[in-house]
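Visitor: If you're matching positions, the sequence shown starts at 95 in my numbering and goes up one per residue.
Wrong hints could be hidden among the right ones.
[Stated by the list, open to error] Simulated pairs of lysine-lysine, DSSO-like, Cα-Cα distance not exceeding 30 Å:
(1) K103 with K170
(2) K150 with K103
(3) K130 with K164
(4) K150 with K164
It is worth saying that the hints were derived from the structure and are not from the lab.
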Amino acid sequence: MKAQVNDIKEGLQHFHGSEMLYQIPLIRTRFTSGLKYLANIADCFWLITDVSVIAKSLLNRSHFITIDFKRLSEEKQDYTGYEAEIIYSDGNGNILETHRYNFTDFPLDELRLYFVDNTLMLTSEY
């Protein structure tokens, strides 16, 4: 698992800007090449879909949304019963919404994404 995490982190460093956009057909959210790579290598299309749906629902509160995935510490997992959380904010420290997950197979412990102009992207692709 550690090797996979290192491979993913190393691979994500190669994405800066994106000339190719992909789309989730049902909700028409666009996402970048870096996220396509992440979804394929980490098998996390669920993450792209989940955060896209929630971020889209928050557009009336902010046109720029940061999305922070964070795996909770084992102590906090035992206390709360959740393995991970995703925090949606406006980029200025104002939390718009928090979603908690009882279980996740996402290999990274943390990840920040941006959602702007109906496009989900890695921070390095902004």
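Visitor: Hint by hint, note whether the structure agrees.
Guide: Right, here's what the structure says about each hint:
Proximity of K103 to K170 is assessed by CA-CA distance (about 25 Å); at most 30 Å being required, the pair is judged to hold. Of the supplied pair hints, the one linking K150 and K103 holds, its CA atoms being roughly 26 Å apart against a limit of 30 Å. The straight-line distance between the Cα atoms of K130 and K164 is roughly 20 Å, inside the 30 Å bound, and the hint therefore holds. As the CA atoms of K150 and K164 are separated by approximately 20 Å, the hinted pair is consistent with the 30 Å bound.
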